[in-house]
Amino acid sequence: MIALVDYGAGNLTSVRKALTALGAEFTTPGSPDQCRTARALIVPGVGHFDATSALGPDWHSAIRETVRAGVPLLGICVGMQWLFEGSDEAPDVAGLGAITGRIARLEGDARRRLKIPHVGWNALDLRGPSRLLSGLSAGSQVYFTHSYAAPVTSACVASTTHATTFASAVEQENVFGVQFHPEKSGDVGLRILQNFLDVCR
Amino acid sequence: MLTKRVIACMDVRDGQVVKGVQFQQLRHAGDPAELARRYNVEGIDEIVVLDITATLETRQALARTINAVAHEIFLPLTVGGGIRSEEDAAAAVEAGADKVSLNTAALRQPELITTLARRYGSQAVIVAIDAKRREGGFAVYVRSGTTDAARDAVAWAREAEDRGAGEILLTSMDRDGTKSGFDCEMTAAVSTAVNIPVIASGGAGTFDHFTDVFTRGCADAALAASIFHYAESSVTDLKLHLRAQGIPVRL
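Read top to bottom, the protein sequences are chains B and Z.
Take the first sequence: its position 180, counted from the start at 1, is 180 in the working numbering, and no numbers get skipped.
Take the second sequence: its position 248, counted from the start at 1, is 248 in the working numbering, and no numbers get skipped.
No wet-lab data here; the hints were simulated from the structure.
Here a beta-carbon is modelled for each residue, glycine too, at the ideal position from N, C-alpha and C.
Hints should not be assumed to be uniformly reliable.
Capping the alpha-carbon separation at 20 Å, the derived lysine to aspartate or glutamate pairs in DMTMM-like fashion look like this [claimed, not checked]:
id: 1; chain 1: B; residue 1: K17; chain 2: Z; residue 2: D208
id: 2; chain 1: Z; residue 1: K19; chain 2: Z; residue 2: D31
id: 3; chain 1: B; residue 1: K17; chain 2: B; residue 2: D187
id: 4; chain 1: B; residue 1: K17; chain 2: B; residue 2: D6
id: 5; chain 1: B; residue 1: K17; chain 2: Z; residue 2: E72
id: 6; chain 1: Z; residue 1: K132; chain 2: Z; residue 2: E111
id: 7; chain 1: Z; residue 1: K179; chain 2: Z; residue 2: D208
id: 8; chain 1: B; residue 1: K17; chain 2: B; residue 2: E173
id: 9; chain 1: B; residue 1: K17; chain 2: Z; residue 2: E94
Not close to chain Z: a few residues of chain B, all C-beta gaps over 10 Å, as computed [stated by the list, open to error]:
id: 10; residue: I116
id: 11; residue: L126
id: 12; residue: H181
Partial chain Z-side listing against chain B, Cβ under 8 Å, derived [stated by the list, open to error]:
id: 13; residue: V93
id: 14; residue: Y120
id: 15; residue: G121
id: 16; residue: A124
Could you put the whole structure together from the sequences, leaning on the hints where they help?
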């Protein structure tokens, strides 16, 4: 069973729908302890980083220990940002810290009419081997909607360029994250979710 | 590079897609889920479902429509028409909408924009503006285009952004359903005045109309209904055309 962590931020309907379409069984854990028995963890999210503060220290430790035991974790959008140490969007809220680095506000470019938020379909520039992005062709397009993003570090397996270049997918052992919305990215997105499910087998 | 989005709009009444000209003379255009399936195959970037009757009796029918469309596509889905309260928005989201589009309600109670942006994030809140050309500016209309709101479209778009809107859906009432081209001047006026994406709507008739609105009109996305509904043109052909004109699209 996959634990789909719901911390009350926004809308899980489309994630649920995509997982169902792929035949995955999932549940929404009511307490941190229910994460410990999961086969995999997914932390979705839309909106503000501050919403992740609903995942208090007990959730942090349960998720951290489960991941340390080798259970795969996928963070989506704000859920990916939460994998890092923190975000400038809510400086007082700690991230999980599973991946080194901090989330910063994206810069636009008024002269080139590159607006923030970064909304729409943009390309993944693949950076080396990845289980999560396996089978994707170069320049595959996915759907983004965000104003903050992760830096390109050694954990970055795909980057995307708007006015600046940021990490659009990260992968470090059994920790995975995507800044875009695979559940809204058509066939490419479903492929990525399927890859994650394959990792969980 | 961020691509220009092509969005299909379905005006829905009693569970069926309909389409009018300048907000009048509605005719049937098919089943929402069936159309959504075709658009998805053809490579549409997003789908907008607008409930154009939006009475209490049709609200449940709308939820069924949203649900049926949401099960056909794994693409961003926007729902609008008659969303007047936080509860209406929550019902649309619950049924499978990723974004809600506010029109009359946003002007009547602008704080609803902020309330929904706080609850779902700005990315989930679109403010739809229906506007007509007027001496020296662009006049905003509400109540399905029947009432002059006594506001200018550019000023209202700016205010909507300040209040937390994530995108503006700008419809030219002069061009709606006429297939005479988007109002590029109005779109550019709004798009250059705000920092959030602007979706141009109203008037799409040829592929070059899209080229125009993405270049001269400074649009971030373009929305059309009729030219896609009756299979006059496929989304794929449109995108191939745009790419040949040097406009970045998802193919």
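Verification of the hints:
1. Restraint check: the Cα-Cα separation between K17(B) and D208(Z) comes to about 36 Å, which exceeds 20 Å; the hinted pair is violated.
2. With a CA separation close to 12 Å, the supplied pair K19(Z) and D31(Z) stays within the 20 Å bound.
3. Straight-line distance between C-alpha atoms of K17(B) and D187(B) comes to about 14 Å, which keeps the hinted pair within the 20 Å bound.
4. Distance restraint check for K17(B) and D6(B): the Cα-Cα separation of roughly 15 Å lies within the 20 Å cut-off, and the hinted pair is therefore satisfied.
5. Taken as a hint, the K17(B) and E72(Z) pair is honoured in the structure, with Cα atoms around 10 Å apart against an allowance of 20 Å.
6. For the given pair, K132(Z) sits about 25 Å from E111(Z) by alpha-carbon distance, which is inconsistent with the 20 Å threshold.
7. Between K179(Z) and D208(Z) the CA atoms are separated by roughly 11 Å; this keeps the pair inside 20 Å, and the hint holds.
8. With a C-alpha separation of about 27 Å, the suggested pairing of K17(B) with E173(B) is violated against the 20 Å cut-off.
9. Pair hint K17(B) plus E94(Z) holds up; C-alpha atoms about 12 Å apart against a cutoff of 20 Å.
10. Non-interface call for I116(B) relative to chain Z: violated, since the shortest CB-CB distance, roughly 6 Å, does not exceed 10 Å.
11. The claim that L126(B) lies off the interface holds: its Cβ sits roughly 16 Å from the closest Cβ of chain Z, which is beyond the 10 Å cut-off.
12. Not every CB of chain Z is more than 10 Å from the CB of H181(B) (nearest about 8 Å), against its label as outside the interface.
13. This hint holds: V93(Z) has a C-beta 5 Å from the nearest C-beta of chain B, less than the 8 Å allowed.
14. Hint on Y120(Z) holds. Least Cβ distance to chain B is approximately 5 Å, under the 8 Å limit.
15. The beta carbon of G121(Z) is positioned within 8 Å of a beta carbon in chain B (closest approach about 3 Å), and the interface hint is therefore held.
16. Nearest Cβ of chain B to the Cβ of A124(Z): about 7 Å, under the 8 Å cut. The hint holds.
Going through the hint list in order, the structure does not satisfy hints 1, 6, 8, 10, 12.
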